[in-house]
Amino acid sequence: KWGGVYGLVIAIFAAWVSLLTLLSLLFR
Amino acid sequence: MNTLDYVILFGSMLAIAAYAVWNTRGRRDLSGYLKGSGQATWLTIGLSVMATQASAITFLSTPGQGYESGLGFVQNYFGAPIALIVISVVFLPIYRRLKVYTAYEYLGHRFDSKTRLLGAGLFLLQRGLGAGITIYAPAIVLSTVMGWRLDATIVCSGLLVVAYTVAGGCDAVSLTQKYQIGVIFAGMVAAFFVLLVRLPPGLTFSDALTIAGGFHKMEAVDFSLNMDRRYTVWTGVLGGMFLALSYFGTDQSQVQRYLSGASIRESRLGLMFNAVFKIPMQFFMLLLGVLIFVFYQFERPPVYFNRTVWKAQAEQATDGGLKALDGEFTAAHAAERAQVEAWVAARHAGNRQAEAQARDGASLAHERIEEVRAKTRAALDLASPGTKANDADYVFITFILDHLPHGLIGLLVTAFFAAALSSKAGELNALGSTTTVDVYRHLVRREASDGHYVVASKVFTAFWGLVAIGFALFANLAENLIQAVNILGSIFYGVVLGLFLVAFFLKRVGGTAVFWSALAAQALVFALYATQSISYLWYNVIGCVACMVFSVILQGILGLGGRPTPAAP
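From first to last, the protein sequence lines are chains A and B.
Residues 1 to 28 in the numbering used here are what the first sequence lists, from first letter to last.
Residues 29 to 597 in the numbering used here are what the second sequence lists, from first letter to last.
Source of the hints: derived by calculation from the structure; they are not laboratory data.
In this text the structure is predicted, and so the values were computed from the model without any measurement.
Using N, Cα and C, we set each Cβ at its ideal position, and we do this for glycine too.
To spell it out: a stretch of chain A is covered by chain B in this simulated footprint if at least three of its residues, at any positions, have a beta carbon under 8 Å from a beta carbon of chain B; those stretches are:
{"no.": "1", "segment": "4-12"}
{"no.": "2", "segment": "19-25"}
Pair by pair, the computed Cβ-Cβ distance ranges are:
{"no.": "3", "chain 1": "A", "residue 1": "A11", "chain 2": "B", "residue 2": "E343", "range": "53 to 63 Å"}
{"no.": "4", "chain 1": "B", "residue 1": "E399", "chain 2": "A", "residue 2": "K1", "range": "51 to 61 Å"}
{"no.": "5", "chain 1": "B", "residue 1": "S141", "chain 2": "A", "residue 2": "K1", "range": "35 to 45 Å"}
{"no.": "6", "chain 1": "B", "residue 1": "R257", "chain 2": "A", "residue 2": "G7", "range": "26 to 36 Å"}
{"no.": "7", "chain 1": "B", "residue 1": "R257", "chain 2": "A", "residue 2": "W2", "range": "30 to 40 Å"}
{"no.": "8", "chain 1": "A", "residue 1": "W2", "chain 2": "B", "residue 2": "A411", "range": "57 to 67 Å"}
{"no.": "9", "chain 1": "B", "residue 1": "G230", "chain 2": "A", "residue 2": "K1", "range": "44 to 54 Å"}
{"no.": "10", "chain 1": "B", "residue 1": "E356", "chain 2": "A", "residue 2": "A11", "range": "49 to 59 Å"}
{"no.": "11", "chain 1": "A", "residue 1": "K1", "chain 2": "B", "residue 2": "A373", "range": "49 to 59 Å"}
Turn these sequences into a full structure, and let the hints steer you where they fit.
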């Protein structure tokens, strides 16, 4: 279902923001 | 560049264009010319949307931005995935159901002729004026560092893109974009690996990121609510979402890309491809710049990356000031390098105290470097006022020419031209079809054969192509003109998005109310621009919201005496 695709895209976006936050914290 | 580099550059650019023209020969019907043969798969659409958005300046300047201010710029793209989902759910089904050629045609269906012309007019004004920049911006950088003639660079690249866009229409554009983006990705990945190999032996990837972090280049996210900060998560999500909504949802150069899908499923998946890959692509380009910064901790960079300008001024100057500054820069860089090497050695030895000491020493030495750079910039500004070119644009190309092997230099320069041509082709294709469908067929000649409109489309596409080339040649005389066009581009978007959101969601509002509200909202944005200094991303939010609020109020007043225009079925 398309709802699943959009959910997956949002989850990938959230994962990227988390990864970038982690990078900022690790190498500040 | 040597012979091998030139063979790669001319061979690949001409081969891609010729293949597309040959493959799309004989198109006679308007739908095939403007929307393609209707067989585009999600991958073709996804790459085409990406190639239209990513211009040469994206690939030339983004690493320079990473070099200068780190990863923070990536936040500007945080709104894109959400916007692309909204477009996929709301905009796309309506465009496809009404079988429109252009987004503005829908405004005519939903409102009236004057609102359609307002949307199309704002697009033509914004894209038509900005048409030259897509060609001019990379041409000025590449011609400067290569020693090419600027006018010849502009005319050759401009005529090539006009030729295949006019000849093959929408299908030729998406076909060339597919191969051009392949060249771009190959070039960027090659540059990344060469850069990793060229870092000093013994320096791990973790060391490199630690050094970058020590100079505040790794601050990728900023959750602060301070409106004065340049890039924050909140400006990125909210401001970036409005910008992406208006760009992907209402700019014909993008709408035309995903309307060419074989089905709504292919178009949606093409948009979702961009929702997933947009942020990683920008992150990768910024990280490339950050690693170039680390590389230049161990190799002396030029004091000013646009060496052509620096050399010309240093040779003209009689006081030797610029050359003295260059000497100071060499000493400052040697001091910084010694501190950075001590820092890495202490880190490897596990000596926390020595590591902190060397890190502080490197920061101090870096301040000295920045001081010398600022003095150099001031001396150059004084020597030739008006050359306000951004030195960050020259960081990546300087690294490429100095540190990549021949063959790869050719591949990277080809990638920059491929990026310039692919976004230019998308724009020209859209300018041609909007002029044909929303102006010529709507106002000038309503009943004519498909063949007639195809010829008209070709003429209008060629016209906008020549306008772009002319503007690019003229832009060299007036740097301020470019600034003005860039600003114009960013402050129209909000109101255009407002028009579409009113059309989709405020079913009671009619054409007259939305038309005058859009003009009032645009006047408000101009007034704010003249009196306030806020991030350009916020103008889109304000313009859009003002257009919607004014529409509701005005419809309330008009509604007392007349019925609103019915919404499209």
